[in-house]
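**Student:** Residues per chain, in single letters:
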Amino acid sequence: MATEVQGAEAAGHEGEGVRRRDFLGIPASVAAVSFAGIGGLATIFPLIAQMNPSADVVAQSTTEVDLSAIEPGQGIKAVFHSQPLFVRHLTPAEIAAADKVNPATLRDPQTLEERTVDGKKQWLITMGVCTHLGCVPLGIGEGENRGEFGGYFCPCHGSQYDTAARIRKGPAPKNLEVPKYKYLTDTHVVVG
Amino acid sequence: MSFPWAEHYEPKNPLMKWVDERLPLPRLVYNAIGAGYPVPRNLNYFWNFGVLAGMALTIQLVTGIVLAMHYAASSGIAFDSVEHIMRDVNAGWLLRYAHATGASFFFIVVYIHIFRGLYFSSYKAPREMVWLLGVVIFLLMMATAFMGYVLPWGQMSYWGAQVITGLFSAIPLVGDSLHTWLLGGFAPGDAALNRFFSLHYLLPFVIAGVIILHIWSLHIPGSSNPTGVEVKGPEDTVPFHPYYTAKDGFGVAIFLLIYALVLFFGPNMMGHPDNYIPANPMATPAHIVPEWYFWPFYAILRAFTFDFGIPGVITIIPAKLMGVLAMFSAIALLFFLPWIDTSPVRSGKYRPLFKKFFWLLVIDVLVLGYCGGSPAEEPYVMISQLAAAYYFAHFLIILPIIATIEKPLPLPGSITEAVLAKHKGNTADAVAAE
Amino acid sequence: MVRILGILVGIFFSGWLLVTFLVGAYTYVSSPPAATAEAEFHLHPKEVDWSFNGPLGHYDKRQLQRGFQVYSEVCSACHSLKLVAFRDLEALGYNEAEIKAIAKKRQIADIDPKTGEATTRPGLPADHFPLVYPNDTAARAANNNAIPPDQSLLAKSRHGGPDYIYSLLTGYRDQPAALLKQFPDAKTPTGLHYNPYFPNLNLAMAPPLTADGQVTYGPGNPKPTKDQMAKDVAAFLMWAAEPKLETRHNVGRAVVFFLLIASILSWLAYRSVWADKEH
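Chains as they are written, first to last, in numbering that gives the first Met the number 0: chain B, 0 to 191; chain P, 0 to 433; chain W, 0 to 278.
Fair warning: there could be bad hints in the mix.
Unchecked claim - Non-contacting residues of chain B with respect to chain P, defined by C-beta distances greater than 12 angstroms in every case (computed):
{"#": "1", "residue": "H80"}
{"#": "2", "residue": "L137"}
{"#": "3", "residue": "N144"}
{"#": "4", "residue": "T184"}
As the list claims (entries may be wrong) - Listed next, the in silico DSS-like pairs over lysine-lysine satisfying Cα-Cα at most 25 angstroms (straight line):
{"#": "5", "chain 1": "P", "residue 1": "K421", "chain 2": "W", "residue 2": "K276"}
{"#": "6", "chain 1": "P", "residue 1": "K355", "chain 2": "P", "residue 2": "K421"}
{"#": "7", "chain 1": "W", "residue 1": "K99", "chain 2": "B", "residue 2": "K179"}
{"#": "8", "chain 1": "P", "residue 1": "K231", "chain 2": "W", "residue 2": "K276"}
{"#": "9", "chain 1": "W", "residue 1": "K276", "chain 2": "P", "residue 2": "K348"}
{"#": "10", "chain 1": "P", "residue 1": "K423", "chain 2": "W", "residue 2": "K276"}
{"#": "11", "chain 1": "W", "residue 1": "K99", "chain 2": "B", "residue 2": "K181"}
{"#": "12", "chain 1": "B", "residue 1": "K76", "chain 2": "W", "residue 2": "K113"}
{"#": "13", "chain 1": "B", "residue 1": "K120", "chain 2": "B", "residue 2": "K179"}
{"#": "14", "chain 1": "B", "residue 1": "K181", "chain 2": "W", "residue 2": "K103"}
No lab work stands behind these hints: they were computed from the structure.
Quick reminder that beta carbons are idealized off the backbone N, C-alpha and C, glycines included.
With the rest of the complex left out, here is chain B (with noise of 0.2 angstroms):
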């Protein structure tokens, strides 16, 4: 027994000095080291979660629209999401321009009953932000420029969209875009 544990020891000094060990060989250094490992990686959801929006971003992210002010011809611009919100109330003539053009020929094709609810044909609520670089397009208020079809004008670049707020001249890509919403009743719209 003595012996033994003298030999230990001498081993131990022998060993001195000489890198006897490949790290990680060790099951219990791999062990350790793998469970550190998702310890660091499970810390790294709060620190990227904190900058997704606060609890009270997020419970701002609703804007309720009163639709009953707004008379044939005319718009206004509400907030959603800190951004202009264009609700525009068409006339018959101005839903009548926009079924006239055929979809195909549109660079986003869509129509206007696909970009209002079914039965509220009159109602175009869009975003009021150009699709191009972000500014916001004229044609919302009363007297603004509506460019050449008669629905918003954007002066930055000069794109030009219809009485459906679709692109129809000028360097925007896409249409204005419809953001999701619903009738709480026929004049209370609920966007977002």
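Knowing the structure of chain B, use the given hints to seat chains P and W on it.
**Tutor:** Leaving out everything else, chains P and W in the frame of chain B:
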């Protein structure tokens, strides 16, 4: 690193070889914390605390940078922005509590690290520079922590800032101008808050830089060890990797465990409830106290209640200035320790007289801390006067005297001799038991 | 040289401190500091066994709802809760419709969209609980020169937290004769109320919970005694101050469990690495 038996970096991986030929960073890491850095084989757990301090700094940097994405440094909204973080930001409560708890743990770890240095005389030649840089890091930490505590703009934030910046007005001649210059105003306000935020963000990176110098200056002579006897040959050392990477890994796990217990189950334990009240310049809290890690120095500051001079005849130094001088001297004297303690023996293990006074110092600092966190009333004022008197006497009077009159125990011939002696004792018992 | 200067500095500070101590000790013994009414008669908060105490602590949703009811019907007349949003009440177990109704009952300061004048509108879930007074001056004018503190953080900004709130609400009593005898100058001033749990014994708030049944609890709840109402509102205010307590405890248990395993694994790794090295 100047030990001749140290392993040399020989990259096997072709990518590492390519990088190392162009930027010797892999080599640097290998020589600093890899198998290329021989370390005494007999280090005890008190040697874990340097790495733990680095870990704490990393936690503070990461949580701090992320918190800064949501914090607003303007007196009208700072308090509410912190509550916004606590309530609305995803995992915000976790980040805020991690940062607040992290500051406390940073100081716990650093205080143990410092006391290790005091007991084992890590400050002695040839490691004086390591110690000096360490005291610089400690000062930077205190400045950073002080400014960080002001940022939530609670009652203690505001009034703590008021008291500490007010100390500067005690300096004769330039005091008042200095005070106004520091604050950018006559009382803590937006100017002070904004500059404290800017500097609080900056200083941790300065600390990181000084830590690099601190470790670099350590790696020139190499680490000391619990016997205080220098490394004599290869049998005295083991390569840092894997021996101390494994031991530090275990230390980090235990540190994180205790940290997590406090963070998740007692996050407000070390704080003060008054800081959950928005700052009110018109109403002073009943008892203004800083965070616990400043309490010993706060006790020294408040211990001076009489003007220095002859009462009724002449005042040489007003009490407020005495307190300020004493508080700064209490930290400044640490810089001179390598030249005050002239004993040729390093480790407290072999210095029986020194050992007794060392433990007295530990108790003294704990007593000072308790007094610093208590109201400035009797009996705490009297106790802090005695405790502060001992603090200065210990470092400036007692240590040099001990160094000359002490009779140290015989030192082991080498580290290996000490290790074997310890084990021979154990195995002899095992043999006898059979 | 350094040592000599050091010894001189040491004698300077230690010496002066000892002198100060001796003078102070003499003064303390010869003319001890006078006792104060606060020191003698102030009581520490009663300890309550809250459901949220300890590492397994969690909120009792029904208690929180009762406490919210007490806050709404009693406290909110003077005390704001401005850091809490109506949508946060989901944690108490209310559904979307109930929260909308709670929000709608309260008026939120806003601007008339047509004239720009200051006006109020019914609340939405995203709104925070409104302020009671437009500013501090108005608050003081209406409350005997005292500002009723906002309650969002009350449970964390007072020593004892919910224990203190409960003790204060149930602690109102007449000033004891013993106090008046020992400190004849410490009679409670008019307009203030004696309460030994309050730091300086007299506070401006009149007892808010005056009778059992002041608030009516729905079926399936304990009786709304003063004691019960005080407990419930203290629990609610703890939630208002620390809404993430349960999440924190849940994540904490998982993290601590993980770190226990990690500690064991790293200990085993450390032992296996050092197995052949005496140290």
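**Student:** Hint compliance check: list the failing hint numbers for this structure, sorted ascending.
**Tutor:** Going through the list in order, the structure violates no hint and respects every one.
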